[in-house]
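**Student:** Chain by chain, the residues:
Protein chains: 2
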Amino acid sequence: MRIGLDVMGGDFAPDAIIEGAVDVLPHFSFNEKLVLIGDENSIYRKLNEMNVKPSNFDIIPTTQVIEMGDHPAKAFSQKRNSSIAVGYDMLKKNLLDGFCSAGSTGAMLVGASYTVNVIPGVFRPALATIIPCIDGRDSVILDVGLNPDCKPDVLLQYGLLGSLYAKYVLEVEKPTVGLLNIGAEDTKGTPSVKSAYELMKEDPIIDFVGNVEGNNLFRESMPDVIVCDGFVGNIVLKQTEAFHYICKSRNINDPFFDRIDFESIGGTPIVGINANVVIGHGISKRKAIMNMVLKTRAVVHANLAQKIKEAI
Amino acid sequence: MRIGLDVMGGDFAPDAIIEGAVDVLPHFSFNEKLVLIGDENSIYRKLNEMNVKPSNFDIIPTTQVIEMGDHPAKAFSQKRNSSIAVGYDMLKKNLLDGFCSAGSTGAMLVGASYTVNVIPGVFRPALATIIPCIDGRDSVILDVGLNPDCKPDVLLQYGLLGSLYAKYVLEVEKPTVGLLNIGAEDTKGTPSVKSAYELMKEDPIIDFVGNVEGNNLFRESMPDVIVCDGFVGNIVLKQTEAFHYICKSRNINDPFFDRIDFESIGGTPIVGINANVVIGHGISKRKAIMNMVLKTRAVVHANLAQKIKEAI
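Chains as they are written, first to last, in this note's numbering: chain A, 9 to 320; chain B, 9 to 320.
Treat the hints as calculated values from the structure; they're not laboratory data.
Do not take every clue at face value.
If chains are identical, the list can't say which one is meant, so a pair holds when it fits in one copy or spans any two.
Claimed, not checked - SDA-like cross-link-like pairs, simulated, lysine to any residue; straight-line CA separation at most 25 Å:
#: 1; residue 1: K293; residue 2: E193
#: 2; residue 1: K82; residue 2: A192
#: 3; residue 1: K202; residue 2: D78
#: 4; residue 1: K101; residue 2: M9
#: 5; residue 1: K202; residue 2: G290
#: 6; residue 1: K100; residue 2: L302
Produce the entire structure from the sequences given, and follow the hints as far as they go.
**Tutor:** What follows is the structure, encoded as structure tokens:
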């Protein structure tokens, strides 16, 4: 298994990315290889500093960087020797089994649709992340940012994509699916959410358990899959981040709050594309990068993209 | 000042409501009167049990109860001697300066539009609640549940309604206003939120500071007023509730988490109607009821409905 890591992406690139990559090594087995994609000099310098042999990795030198301020589509097309463009090219040529980056989310999305493409039958890819539950489970919530406005059939399909994620990555035998809404009754919500409720109720494949409200999150009553549009999901994700910040700043130490830390969660897979790709938080440092790579490995190991292709 | 309290509304009515009412007494001054509206026998029995003289209150006997399962509009029209209907009738006749209930939110809203009415010029009333900030401030967020889908001009007006709330109830001299969104850039969000951004940027009255993201909530970077549609706001409110639950169940005691407790916040005013009305959580017990009444008093004291009428 070969996982590509964009060494140039993220606020603390390249050093923090390389540090995270080094921390991955003890977790990888002999047939797993981490491929560092980025500026060769930086990689050798940092590895030398850390006393780590470059031969632990495959190193793919690139000369360009897509900056956070760049226009994603323009940058992806023009900077053909950037780490993101090279990563996607390698994915497309099957030189990588998975690819991850804490760089420009926009460019990562453009890259997905320009190279590996959306899986035929998928209406809209989604970003799917983990919400930990107080009972020890992990649930998946999607979309958390790609599609702020979702039509009912897109939400229905997120129920399926999320179920596949829960089943194959989180290893939940028969995942339950809830629709994030503002009440338990089927008359609640926006027109799109109300229609999605009807579609999900009738769907023979997903195990729909009805509406789930904000106060069910993190709690025993939380289903395995939470479906929402990317606007609401993004707010939920970032409000969780805010709570983690509050806990840290109040010196509250509790294992549950470690689980809501984005540094532990590591990254967010793009589900619905023809490759296993994970996006990390721009502010990722060493620990978050390590966990982003391990998340990518889990997604590759589950063969999620292939499983979705077969199910759609 | 006369504040009406619906004694029959809420999961723990009437006993918990009367307990909360008794706890209000030491906070009220000689010219403030709490008006208990509900089943006379229950009120006298409970006050007797608590050794509290009924003369501490005005008591308005009612014979009917609007249940949580009732159809709000039908129940409000047919149960004319219910505590909610009587409360609104008294508000309309200026026999009360404010009214609060932990009963059926639907019936409370129907009551507002059937009796005291929306303030002319207000597009859509909103539910406005408090989000505490780690720096000690309180911010106001609206809407948290009335209008799941908001047009841009409604969101713009929420900026104004929220500013008036912050100015007159929270006593913030010049409140800042942020638009809850999924990125800092003005190109982010749904079409409606993007248009609202443009309208708010140009508005000469509110002090618009741009988009605010989920991770700004509770933090120093949170503006005094947070504008969002009722779908997103409701999720934010209830996710906060979930966090409070987690903290309690993990035995985490911290003054900040007391401030996010709905029992401390007490209730949510309906802003934009011709009266000062506060809605409490259905699961309110003694402490939450006391704080709901005190919140109502604060809203009456600020004369919020009148201030909005003058500003619109």
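**Student:** If a hint holds in the structure, say so; if it does not, say that too.
**Tutor:** Structure-based check of all given hints:
1. For the homomeric pair K293 and E193, the shortest alpha-carbon distance between copies (24 Å) is at most 25 Å, but the shortest distance inside one copy (42 Å) is not.
2. In this assembly of identical chains, K82 and A192 lie within 25 Å of each other by CA distance solely across copies; the values are 21 Å between and 44 Å within a copy.
3. In this homomeric assembly, K202 and D78 come within 25 Å of each other (Cα to Cα) only across copies, at 21 Å, whereas the closest approach inside a single copy is 38 Å.
4. Within a single copy, K101 and M9 get their C-alpha atoms as close as 14 Å, which meets the 25 Å cut-off; across copies the closest is 76 Å, which misses it.
5. In the homo-oligomer, the alpha carbons of K202 and G290 lie at most 25 Å apart only across protomers (24 Å), although the nearest pairing inside one protomer, at 34 Å, exceeds that limit.
6. When the C-alpha separation of K100 and L302 is checked against a cutoff of 25 Å, the pair qualifies only within one copy, where the shortest distance is 21 Å, while the shortest distance between copies is 63 Å.
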